[in-house]
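**Student:** Chains A, B, C and D supply the protein sequences, listed in that same order.
Quick note on this note's numbering: the first sequence kicks off at 1 and runs consecutively.
Quick note on this note's numbering: the second sequence kicks off at 1 and runs consecutively.
Quick note on this note's numbering: the third sequence kicks off at 1 and runs consecutively.
Quick note on this note's numbering: the fourth sequence kicks off at 1 and runs consecutively.
A couple of the hints might just be wrong.
Claimed, not checked - Quick list of in silico lysine to aspartate or glutamate cross-link-like pairs, EDC-like style, CA-CA up to 16 angstroms:
#1 K59/A x E104/C
#2 K59/A x D97/C
#3 K491/D x D126/B
#4 K385/B x E351/B
#5 K384/B x E104/D
#6 K384/A x D103/C
#7 K288/C x D103/C
#8 K459/C x D402/C
#9 K384/B x D406/B
#10 K59/B x E104/D
#11 K385/A x D103/C
#12 K59/A x E16/A
#13 K41/D x D126/B
#14 K459/D x D285/B
#15 K59/B x E112/D
#16 K202/D x E230/D
#17 K202/C x E230/C
#18 K361/D x D406/B
#19 K384/A x D406/A
#20 K274/B x D126/B
#21 K182/A x E403/A
#22 K460/D x D285/B
#23 K288/D x D128/D
#24 K361/D x D25/B
#25 K59/B x D402/D
#26 K303/D x E104/D
#27 K491/C x D126/A
#28 K41/C x E403/A
#29 K459/C x D285/A
#30 K460/C x D402/C
#31 K385/A x D406/A
#32 K384/B x D103/D
#33 K460/D x D402/C
#34 K459/D x D402/D
These are calculated hints, taken from the structure and not from any lab test.
Because the structure is a prediction, the values reported are computed rather than measured.
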Amino acid sequence: MPYLVHSPEDRSAMLEAVGVREMNDLLVDIPQSLRLESLRLPDGLSEFETMAQVAALAKRNYVYPDRLTFRGGGIYRRFIPAAVAAVTSKPEFYTAYTPYQAEASQGTLQAIYEFQTLIAELTALDVANASLYDGATAVAEAAMMAYVHTGRDEVIVSGYVHPEYVQVLRAFSEGRGIKVRKGGEPSRKTAAVIFQQPDFLGLLVDARGLTNAAHDAGALAIACVDPISVAILAPPGEYGADIAVGEGQQLGLPPSLGGPHVGFIACRRELVRKLPGRLVGAAHDAAGRRGFVLALAAREQHIRRERATSNICTNHSLCALAAAVYLTYMGPYGLRQVAEVSFQRAHALAERLSSLPGWEPVFPERQFLSEFPIRVPKSSSVLKKLSRKGILGGLDVHRWFRELKDVLTFTCTEVNDPQAMDELLAVLRS
Amino acid sequence: MPYLVHSPEDRSAMLEAVGVREMNDLLVDIPQSLRLESLRLPDGLSEFETMAQVAALAKRNYVYPDRLTFRGGGIYRRFIPAAVAAVTSKPEFYTAYTPYQAEASQGTLQAIYEFQTLIAELTALDVANASLYDGATAVAEAAMMAYVHTGRDEVIVSGYVHPEYVQVLRAFSEGRGIKVRKGGEPSRKTAAVIFQQPDFLGLLVDARGLTNAAHDAGALAIACVDPISVAILAPPGEYGADIAVGEGQQLGLPPSLGGPHVGFIACRRELVRKLPGRLVGAAHDAAGRRGFVLALAAREQHIRRERATSNICTNHSLCALAAAVYLTYMGPYGLRQVAEVSFQRAHALAERLSSLPGWEPVFPERQFLSEFPIRVPKSSSVLKKLSRKGILGGLDVHRWFRELKDVLTFTCTEVNDPQAMDELLAVLRS
Amino acid sequence: MTEPLSFELSRPAVDPPRLPEADVVGPAPADVLPRDALRAKAPGLPRLSEPEIMRHYSRLASLNYSISENFYPLGSCTMKYNPVANEAAAALPGFADLHPYQDESTIQGALELMWRLEQALCAVVGVDRATLQPAAGAHGEWTALRMIRAYQHSRGETRTEVLVPDSAHGTNPASAALSGFQVVEVKSGGDGRISLADLESKLSPRTSALMLTNPNTLGLFEREILDIAELVHSTGAMLYYDGANLNAFMGICRPGDMGFDAVHMNLHKTFTTPHGGGGPGAGPVGVKAELVPFLPAPTVERKNGELTLDYKRPQSIGRVRSFYGNFGMLVRAYTYILAMGGDGLSQASQDAVLSANYLRKLLENDLEMPHDGPCMHEFVASAHNLNHDGVRALDIAKALLDRDFYAPTVYFPLVVPEAIMVEPTETESKATLDAFAQAVKEIVAQARTDPQSLHDEPKKLPVGRLDEVAAARRINAYLQGQSEDPVLRWKAPED
Amino acid sequence: MTEPLSFELSRPAVDPPRLPEADVVGPAPADVLPRDALRAKAPGLPRLSEPEIMRHYSRLASLNYSISENFYPLGSCTMKYNPVANEAAAALPGFADLHPYQDESTIQGALELMWRLEQALCAVVGVDRATLQPAAGAHGEWTALRMIRAYQHSRGETRTEVLVPDSAHGTNPASAALSGFQVVEVKSGGDGRISLADLESKLSPRTSALMLTNPNTLGLFEREILDIAELVHSTGAMLYYDGANLNAFMGICRPGDMGFDAVHMNLHKTFTTPHGGGGPGAGPVGVKAELVPFLPAPTVERKNGELTLDYKRPQSIGRVRSFYGNFGMLVRAYTYILAMGGDGLSQASQDAVLSANYLRKLLENDLEMPHDGPCMHEFVASAHNLNHDGVRALDIAKALLDRDFYAPTVYFPLVVPEAIMVEPTETESKATLDAFAQAVKEIVAQARTDPQSLHDEPKKLPVGRLDEVAAARRINAYLQGQSEDPVLRWKAPED
Ligand SMILES: Cc1ncc(COP(=O)(O)O)c(C=O)c1O
Ligand SMILES: Cc1ncc(COP(=O)(O)O)c(C=O)c1O
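The whole structure should be built from the sequences, with the hints applied where relevant.
**Tutor:** Right, dumping it as structure tokens:
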């Protein structure tokens, strides 16, 4: 059978060595009443038939070409260098476990150490961890940090933060008995002010102002940032935010219906002991050679158990590796160009869309980078029309925000060439 | 620029170290009259744009689904285990050179040694080489061996040998002044009798009889065999052929419009010194550890120069590796099942096709394995009709053989499920 | 050979990669954005060419042990072979290029896959429905506890305690605490199994749930599982199954039949999705009927042929992750289940158990076996017998690395001193198990004759034992502001 | 660590892989085929499970040095970085799954790619048309000579000799002989370049062609190339360019402009298609107008927008390979050319030349430099200066392996004793070149102080120096029937 290695001879030799007559003799501890005849599942298939069935399922999905995808909402189509998959598909990386034995895991450990450094540089904060599950749980983990650090049990979510992130934050907070408030002024009861920059609609928020307000109330400022945007925008560290989190999908990972991707978290030196998850640090051997090890493990569940900063164990290392390769490929100037090309195209598109009859910008007074909200005559028919032509139009945000009826957020990146925009407008005008 | 590593600083530092002022000082030996301003080629593109252009070209080809591909003629759609690409895509294999430094190339050398053994086992001959370009050049190289070995300058091509192989054989022979005869009895002038089993039409030939006839005339018998077929059919070694050659595409390689694939060649002990190309053998180090090295190099161009057995240098190692993985995955029983499933399906299809009005078998008295010729009312319209429904019908062999007007050769393998045959017949009946 | 950091290889003037130009007339950020919204200092990313980057990561890869090249008997982690076909499946554009906010009508294939996977997982563990949202096992534990709590709330109960055996994995108590429960530890008896007496004494109306893995982390099947279930249920509490050890009995028995109300599964253990050096994984949670209303939203539902995402679940605990979970991992696990089938999965668990017992047998005279066999898919030995030679479990682990084997899990579970936890899995050959046993025997012999030399291992790896204590000291110094070297990240010398 | 052979790992009763069943009613082979047509003895293929197979090949891979992890300064082989994007391009189903006998109307994209690649190659080397059929450089050499011969035949000439410099690669004379020519060697002069005097003396009405590579295998540009061309053409002979060294001057000059009539290119050198441990490569041949009628059939032609394969070429030398050449390699090379562009290719050659001269400079005091610089993309040094210490080029090569570098080409070209041929290529960083030079310096120093120790290297690799002489002896014994151990293949002990 596929992936099994023992031959019948091997099995009987092993049973004999163990000193039992048959397999059942090894299962004596299992109450007879629990024993199954077999699983209610079909028998296995050959690899050929397996792949044919799986491919048939894949074919039943419609893949919008990247250049005709103008929908974001937290997941974006971007250019992914072939180098990324070439590295993450190396079995030495993807078939290794969490690097408990440092000497035999230097590849993974050093890659994580580089990832931590890259995230710290992007966010301009002191220390980043090895990864979290996604942007949503990263926001929640940051809130837990603030709760523990301040001893206060309320967090304020300011403005249009990704609605699914807020939902996850609520689920986490409920367990800990933390109140999640939408908006409002921070007070002495406030553990943290959480904002997203740019926000879920793509618009810039006054990160500096929000950070200062939080600090004035003795609360922490938690910035949820787009990792590409900080090539242009002031990073959390520059305006004094205490914790930066975000979703790393744009750093070399395909959309894949929403996962697996990678959450990142970075913080100021004072908060490092509160960080959730793995941390890799540099160490040396007796010969003075530098190597890397899992560090500050005393924060973690396998040591601290119920008093751990988080329950996270398996995280998203391989996605962090992808992000590290992506950021190393781009370098500071490549990343900036990606951000600027997206910015310029999005602004060009915004202008062209605004010129359509009945289309008008929402919050025209606010700035944006590469994603923006626009009110359209009838969102559903607009999207249907585009979809019929193989174009994935903007995201209808009304499903989360009552006040934003018929508002679509459009996004542009380096994959949406000008011709693609022309096609988009042609369809809309038709 | 892509794939270049030097920064401007690096370049000037290196120029300085060399002791010249500018690049041109290193190109002084090139006559001024030859110097170019630049290449008449467009400037380079980003990887994103490059891949977009290449993908656009790929999209302009129609890919017939494997299950609906009933055309062979030397290249076949078969199940390729994912294991094959997983191995051949390892950079340690595909970015290495010919293993001149044995100690640092044991991976490649051992893989080739295993390939040589696998081919020797398949053909039931003594020794096989490290690979040749393809089946066609393998036939030609075998003929050269016979020419040198016997000192005779005529080779007989018996029956329906792949027409392109024969064309390549002619091109090679012309250079050496060897006469290529189609059919006829071998004589004292004959260096070798070359036949294909099964032949180009898929039909079995009397390999044993042809071999004996060749031997009676003091000529060598060269069998060009389908590497899957020998799981069922007597292999060349069993009926006494001196040299076995063939095309290895079916052993784990995608059709890829005809290449790269791999030619194989195996022979009896007496002929080993005449073999073209690389040979890997076992050797030992001072500590008695077994390793592998390039062997009998004295046959080859880099030592023997104009007296070499062949001019081949770079061969098709990576394709040979693919074949080795494929054969190891299949094992003797897997390979036999692949051959038998193809056999049974082909025979079922032949019967169903013969029942169509105006369709009749060609050479009904002859046996076949998984490919067979059949005469149809009007080949061109049959194929058009099928193609319109996304089915790649049989191969029209009339283009090579005048006598075979309106004859199509159909092939079946484990990828052509019965439903695919139903679809084929439904279209033909419609 | 060690490898410099990408930051150390970086050179200031290396060309950035070629990237598309905007090709539109539009403002540059600096033209429209307020000065103070702009980044002041460029991030210190390395600047390298593609050939340098690829070689850098190729060399890093070569510094790793991994299942692809090494036996990886890491107890509790089920490091089995990761089929390459799974990777090909997940890479299909029809999966990898799907946007999570596409219209449901355009992702019917993906929803069908999730639906079928849920069905298959439910069949394997014997529950009614499952959520595929959790990203890992710990995430699944917490999700399950949230559901149990919501269920009890809905019945007007406020239960504040979760019972966790002393042999449990650290994520169990951590997940319980994260969900707002008090953690109450339950002792193991001398036979390595949970003590019913102690359990009974800890059970109370305050008890919300008992978290259990079976076989437990000692690799022993909880014989009295039915009595345990009865006890727990009789107090109105629920029984939670930590599925990390599911590889022990697929097709042999089912947690659902044992009385477990909620079960998490580690697709990255039992169902061969790769560990990735520490994730991503996937931790679906299966539940019995009474917990179904509380599953995270959305669930996948089949409505007259069409598959839809159901968000209208009034009693749902809400969302535990963005979108629909680690979809790419779900594709891999589904592909594996298709290939294995019910027959293959059953044989896999039987082989896993057989291999563990075989290896245990080979080693029983070399290491201490604190508990009687038979074991299930793994066993826990102890290096306690070598302590008088000054040799510890850690030394055994490091010595194994020098012999091309990864090390077993050591010092877990905590209830066994000098624990060495070995899980061979069904995808390691008898020859490999024999070689591993041979290596352990040699190391034990060496411990007797020359214990000191073991402290110097590993010798053959790119680095020797790394001084974690010194590293921790330097980290503390940084965190206390006594040093500017963060240790937890690279910092440019000039900074 | 060495790895057993797959045959040695094999076990008799391992399950064969799951494969599709026939699912049709049809006869089995034995039912219809005559007994004596059937195979008597099953082939001795190994029987292993997929996990064992994957680990086997993963371990074999780890025994290789390769560009991906090691500097590979193998002279004449242009071991440059192989872009990963090329691999992704060739794997596109729109290329990989095309049947060679599909109707032309269904492969227009593929034909367009071949057409554009031909155009680009012609632009780089300065010729009129090219064939993409040859599978490698040697195959291209032979193809070109066939064309030259056919051309001369068509003009009623019978020229029987091909001139080949003594510094030429072995494939040159071998290809000439294979095409039925006498090979006449032309001597190099003291400056390492071809001796015009000697050339003149060898040229005659019998001369069909002169095969030349420029820069020659010593890495030196043939300054007098224009005079050479004039001389050759004046006798009515043709000039053939061995394109193995094309990496030296893309965008700087062109063989066509130098007067070469036919040119082969190694796409697996200059155009980054991977070497694959010894192929597959691709050796297109470009020709001037007068040779175009003789190109192998089919050629790709553009007829009013449509691309077609032209088989009707009365004067063609025929076919040199089945189908249309190594198409998958053509895709890779075209992808590379698109990404590099004219500007990139020109810079690549300049960097290759700069790097070679830089490295040559670093080593000029350690190794003998038999010829004056500047060199082009590679240079040939000599270990002659170390012979009195009993140290040979081979020792330097082996010692480099112990320092994580692959070795340069040694003992080629034959005109330099103890030749060490170094080609760094443009994709190796200055840091790598510096480290390599440092290693050579250390080895040379070691040769002076402790020459004996060099003979024992390599020490760090899975095997030490292998005794090829003993192996050759055993092979001879087998070939002469004095032994039953073939050495050139594994044989089952019981056989
Ligand atoms: C027994 C046990 N429970 C829970 C977990 C946690 O699973 P994960 O690492 O996927 O969060 C693990 C894995 O390490 C485990 O071994
Ligand atoms: C100078 C020279 N000519 C010809 C060849 C032959 O090329 P190939 O190995 O592709 O047949 C080579 C490659 O080794 C070479 O270096």
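**Student:** Against this structure, judge whether each hint is valid.
**Tutor:** Verification of the hints:
1. K59/A x E104/C: holds (14 angstroms)
2. K59/A x D97/C: Since the Cα atoms of K59/A and D97/C sit roughly 12 angstroms apart, the hinted pair holds (cutoff 16 angstroms).
3. K491/D x D126/B: Status holds; Cα separation ~10 angstroms.
4. K385/B x E351/B: violated (21 angstroms)
5. K384/B x E104/D: Satisfied, since the Cα-Cα distance of roughly 13 angstroms is no more than 16 angstroms.
6. K384/A x D103/C: It holds: about 10 angstroms lies between the C-alpha atoms, which stays within 16 angstroms.
7. K288/C x D103/C: Status violated; Cα separation ~30 angstroms.
8. K459/C x D402/C: holds (6 angstroms)
9. K384/B x D406/B: holds (13 angstroms)
10. K59/B x E104/D: This hinted pair holds, its Cα atoms lying about 14 angstroms apart.
11. K385/A x D103/C: Holds, because 13 angstroms separates the two Cα atoms, which is no more than 16 angstroms.
12. K59/A x E16/A: Violated: K59/A and E16/A sit about 49 angstroms apart, past 16 angstroms.
13. K41/D x D126/B: holds (15 angstroms)
14. K459/D x D285/B: holds (11 angstroms)
15. K59/B x E112/D: The hint holds at about 12 angstroms.
16. K202/D x E230/D: Holds: K202/D and E230/D sit about 15 angstroms apart, inside 16 angstroms.
17. K202/C x E230/C: With Cα atoms ~15 angstroms apart, K202/C and E230/C stay inside 16 angstroms; holds.
18. K361/D x D406/B: Roughly 69 angstroms between the alpha carbons, so the hint for K361/D and D406/B is violated.
19. K384/A x D406/A: Judged against 16 angstroms, a Cα distance of about 13 angstroms means the pair holds.
20. K274/B x D126/B: Satisfied, since the Cα-Cα distance of roughly 13 angstroms is no more than 16 angstroms.
21. K182/A x E403/A: holds (15 angstroms)
22. K460/D x D285/B: holds (13 angstroms)
23. K288/D x D128/D: holds (5 angstroms)
24. K361/D x D25/B: Given that 16 angstroms is the threshold and the Cα spacing comes to 14 angstroms, the pair holds.
25. K59/B x D402/D: Cα-Cα ~47 angstroms, so violated.
26. K303/D x E104/D: Roughly 12 angstroms separates the two Cα atoms, so the pair holds.
27. K491/C x D126/A: Since the Cα atoms of K491/C and D126/A sit roughly 10 angstroms apart, the hinted pair holds (cutoff 16 angstroms).
28. K41/C x E403/A: Not OK: K41/C and E403/A at ~38 angstroms, beyond 16 angstroms, violated.
29. K459/C x D285/A: holds (11 angstroms)
30. K460/C x D402/C: Given pair K460/C, D402/C holds - Cα atoms ~6 angstroms apart, limit 16 angstroms.
31. K385/A x D406/A: holds (15 angstroms)
32. K384/B x D103/D: holds (10 angstroms)
33. K460/D x D402/C: holds (15 angstroms)
34. K459/D x D402/D: Holds, at roughly 6 angstroms.
Consistency with the previously given hints fails for numbers 4, 7, 12, 18, 25 and 28, ordered from lowest to highest.
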